[in-house]
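Undergrad: Residue strings, one per chain:
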Amino acid sequence: MGIRFILMVNKQGQTRLAQYYEWLTLEERRALEGEIVRKCLARTEQQCSFVEHRNYKIVYRRYASLFFLVGVDNDENELAILEFIHLLVETMDRHFGNVCELDIMFHLEKAHFMLEEMVMNGSVVETSKTNILTPIQLMDKAS
Amino acid sequence: MSGPSLMDSLFQRTLEDLIKGLRQQLIGEQAFISKALEDIRKEIKSTDLSTKSTALLKLSYLSSLHFHDMAFASFHALEVLSSPRFSHKKIAYHAISLSFHDSTPVLLLITNHLRKDLTSTNEFEVSLSLQCLSRIANVDLARDLTQEIFTLLSSNKLYVRKRAVAVVLRVFEKYPDSVRVCFKRLVENLENYDPQILSAVVGVFCELACKDPRSYLPLAPEFYKILVDSKNNWVLIKVLKIFAKLAPLEPRLAKRVVEPVCDHMRRTGAKSLLFECVRTVVTSLSEYDSAVRLAVGKVREFLVDEDPNLKYLGLQALAIVAPKHLWAVSENKEVVIKSLSDADPNIKIESLHLVMAMVSEHNVAEICRVLVNYALKADPEFCNEILNSILSTCSRNLYEIIVDFDWYVSLLGEMSRIPHCQKGEEIENQLIDIGLRVKEVRPELVRVARDLLIDPALLGNPFLHRVLSAAAWSSGEYVEFSRNPLELMEALLQPRTSLLPPSIRAIYIQSAFKVLVFCLHTYLMQRESTTSSACPDNLPSGVSASVSYESFDGLSVEDGGDAAVTHGLTSTSASMTDESIVNLLNLVEIALGPLLGSHDVEVQGRARNVLGFVDMTKLDLLNPSAQEEKGLERKEVEASKTIELMHDAFSEELGPVSLTAQGKVPLPDGLMLKENLGDLEMICGDIQLPSSNSFSFGTPSNEQKVGVSFSNLQIKEDFEQSNESTSLLAEHRKRHGLYYLPSGKSEIISNDYPPANDHTSQGNVNDNSDDLAKLTEESLFPKKKPNHAKPRPVVVKLDEVDEKPIAMKKPEAKDDSLSGAVRDILLGSEDVIPTSSRSNLSDKPSSKRRGKEKQDTDPHVESKENLVDDGNPNSRRRKHRSHGKERRHKSPRKKNAEEREDNGQKEKEKSTHRHGRHKSRQRADELLNVSPQTPVIPDFLL
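If you're matching them up, the sequences are chains A and B in order.
Heads up, the first sequence is in the numbering used here, so the first residue is 13 and it goes up one at a time.
Heads up, the second sequence is in the numbering used here, so the first residue is 17 and it goes up one at a time.
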């Protein structure tokens, strides 16, 4: 399934976006997010961006105050996921213009749609920023 | 609750209001949210779709970020979904994909909504519903919407088609029959040149191939083409993953892809693709030496990189390659060892694994030395990680890599002294295990044990208690190797042993007993060998020896202990003086006296045993009141007899017994093992488990002698108890004889330690025992490794213990049906010809040539694969390097002749195409694998 979930968490450990590609109950999600956030936020810049947790591999990257955490299957390519995170940030940057935590908070739905353009069923389907953003702009116009 | 009023709707908070409110709230987040939820519950009942959808949006927000259940709104979400307005639909789809799952009750109602949107002309609506379907599809939805998906798979809108492709994965998973409808179109999309479609399709196949690679072998040519032609790194990574799965199944395929993979490795600037190539090579193409060398070269670049990510991945890649190409790790030894002190615990662990992979019997000592040094400096967690890997690596396959057991035993001792060590239990097991298995190591083991026991500081560390218990046990069991048993005794009885848990203290006492018996025995031997004239007269402390232990309080215990320590240093086992024996006996009395009141039955019972024994020997051996020559002689004889007996009992060798030894005992006639086991539970209720240190008296003759001498000696208290329990046991046996093994088998005692058996006494027991003995002996075989400077000692091994049950993993039924369906589609199930007839048809060189490699697949599948060739229409224009693809487009009924012609043509084409080198190899294959019976598989890459 490749990507199992994508989380955006701020420095304080509050979840700002959570997208799961497999069904977990609220309680499972809460526990999982708590554990992962605790594990990843404690790590320093000098440490690598990969953490194994339960049967997931977490690939994460920090941008300013936001952590982007992606839970993947064990045989997923970690570096590609890092690139994916970067692409996601760039895409949001292009859309919001210098994206920050507040943009994601107040436009959570839009952030979700962006993710939906990029990832489907746990695999990356679109990697061109233009292709990702065009439908979103069109949908904005349509509604 | 009534619905919201018009005012409510007018002044409804938007999501933005909610978020702002949440940031500025003063009443506490939880309170604010529950208030907001209350509003939402009202608003969502509104008939106005805008109000409803806003409420749903807010609810989705709270659900996804604050974990509030939104199951109550499922039906409302469906209502919003039916709105004609796109913005409402968007909200509804978002809410549904967030909250619906397989057991949502209203899931049944969504089918028609989805169908409507899937057939909509608005591509965004289609896309939303596809997206939603990819998250929530269950069997019913997948089945009911297969037709729509099928249509969308060839939609001319790329945007829609891409999503339809992606959703197929979920549909296949849930409803494998949909493969029959959709698979062909999916494959057609594989030939699509649009990068968007391609990346979606490859993603789907990557997932499918991970689950069941074999079914997708026929598509190898398409994947190969993508591997060679594609410029998109995302796609290439996925294709590499597919080949990593396919290549091990088909050696010829591996041979074909190894070059392109290496090309990518050389050319690419993208680290992600580079790493994927490396991983593909080390996992699936590790037979190709040049490729592995290239990959290892790249791994080295990763390892020396500043970026911790690359370093980590480099170490991981090395770990994959290590089992087959250890040189790769050795070449990078310095980096790996250096990484042990990296800032990142993950990197440290990876490098630790690699270091352990390098261990062999030649370098185990050096590596362990390095690691122990690291462990001393490391944080507790990593320290134990290191210790754990040393312990598990060294004990692997019954200490396969250990040649010098003396060294290893002292290493174990050293490891237990590392401040953070928490591996007491494992060290305990290994110390005892080695003691039992390796005779030669026992002197060293006793020395190590003595060093551990004698250090009072260690008793304060609860993590070490298990190690100490092993040390105590081995020093008692192998006391004959001790240089100074008296000193050992003092260590075992030192006051700080009160810090030990009772179970371990009991082991200490039992070991003290063994040491005591040994000392007395030595003493007697000595006296016998010298002239026994003067000894009893020279007892200065005889009077004090008769002081009853009740008079000692805690303080005097301490004093006695200290005094004994100074004394102990001067004595050696070589000269057991009368004085030392008296001191020894006093020490035992002083130390164990207070334990008679212990609350722990084990401790109390054992202390009583020892003291009883001391009492007895003291009275007989050293009592000055019995100075009378004749009486002394007589009593002494009795005492020495007892000591002799005890000594014999303790020096019975314990050996490891196979776990399955019991099973090898032939079942005596008339014994119903499986009958009435329900009663047994009830009966077992009153039987205590044997204590961890229990020992057997071994031979029946011994037992008898003990019994006799006991009765002669008239030392009652303890032994009466034991007699009593014996008689109870006998009675029990009489009543429940059915559940007892025939007598003589009692040597097998279930134990905390590896079950032990005294095989020295096997000769003189009865028949049944004889069988057991023989079997045990059969299962014991020494293992020797020649050509060492110092010969490796014999490690007693039990063959069955090492046998691991081979777990057969059963593929899941669902996967089966999915891959079955895929095979049917790919290979044309409607033309299945029974294998027998098929082999008649294919007695033809070109077909024979193909009968390769796949003997292990079941004939049914093979016969199907076989038929792939039938459908290769000659008229079709051949594409460069993609014959296999055309094989799939088959017209169902083809004549055999046509197939033959077809094959022939292919063969020709191939040989012109691939030139001589391959031709000759194929010839060789031909010769090697010609076997008319072997079912045939298609040649994918010619």
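Heads up, a few of these hints could be off.
Quick list of simulated restraints, FRET-style, between CB atoms [to be verified]:
1. B:LEU342 to A:LEU38: 45 to 53 Å
2. B:VAL386 to A:GLY109: 49 to 57 Å
3. B:GLU204 to A:GLN24: 44 to 52 Å
4. A:LYS153 to B:GLU397: 49 to 57 Å
5. A:ARG42 to B:ASP471: 45 to 53 Å
6. A:LEU36 to B:VAL155: 17 to 25 Å
7. B:GLU322 to A:LYS153: 44 to 52 Å
8. B:PRO267 to A:HIS65: 34 to 42 Å
9. A:LYS153 to B:SER119: 36 to 44 Å
10. B:ILE43 to A:ARG42: 45 to 53 Å
11. A:SER77 to B:GLU441: 14 to 22 Å
12. B:PRO339 to A:HIS65: 23 to 31 Å
The hints are simulated quantities; they were obtained by calculation from the structure and are not laboratory data.
C-beta atoms are modelled at their ideal positions from N, C-alpha and C, and glycine is treated no differently.
Undergrad: All hints, please: hold or fail.
TA: Hints versus structure:
In this structure, B:LEU342 and A:LEU38 meet the distance hint of 45 to 53 Å, their C-beta atoms being roughly 48 Å apart. Separation of B:VAL386 from A:GLY109 is about 54 Å and conforms to the stated range, judged on CB atoms against 49 to 57 Å. Distance hint check for B:GLU204 and A:GLN24: the Cβ-Cβ separation is about 50 Å, which falls inside the suggested range of 44 to 52 Å. Between A:LYS153 and B:GLU397 the Cβ separation comes to about 55 Å, which falls inside the hinted range of 49 to 57 Å.
Look at A:ARG42 against B:ASP471: about 48 Å separates their beta carbons, and that is inside 45 to 53 Å. Checked against the given bound of 17 to 25 Å, the beta carbons of A:LEU36 and B:VAL155, roughly 20 Å apart, stay inside it. Restraint check, B:GLU322 to A:LYS153: a C-beta distance of roughly 46 Å satisfies the suggested window 44 to 52 Å. Hint check: B:PRO267 to A:HIS65, Cβ distance near 37 Å, so the stated range 34 to 42 Å holds.
A C-beta distance of roughly 38 Å is found between A:LYS153 and B:SER119, which places it inside the suggested range of 36 to 44 Å. For the pair B:ILE43 and A:ARG42, the supplied restraint of 45 to 53 Å is violated, since their beta-carbon distance comes to about 22 Å. For the hinted restraint 14 to 22 Å between A:SER77 and B:GLU441, the CB-CB distance of approximately 45 Å leaves it violated. Look at B:PRO339 against A:HIS65: about 26 Å separates their beta carbons, and that is inside 23 to 31 Å.
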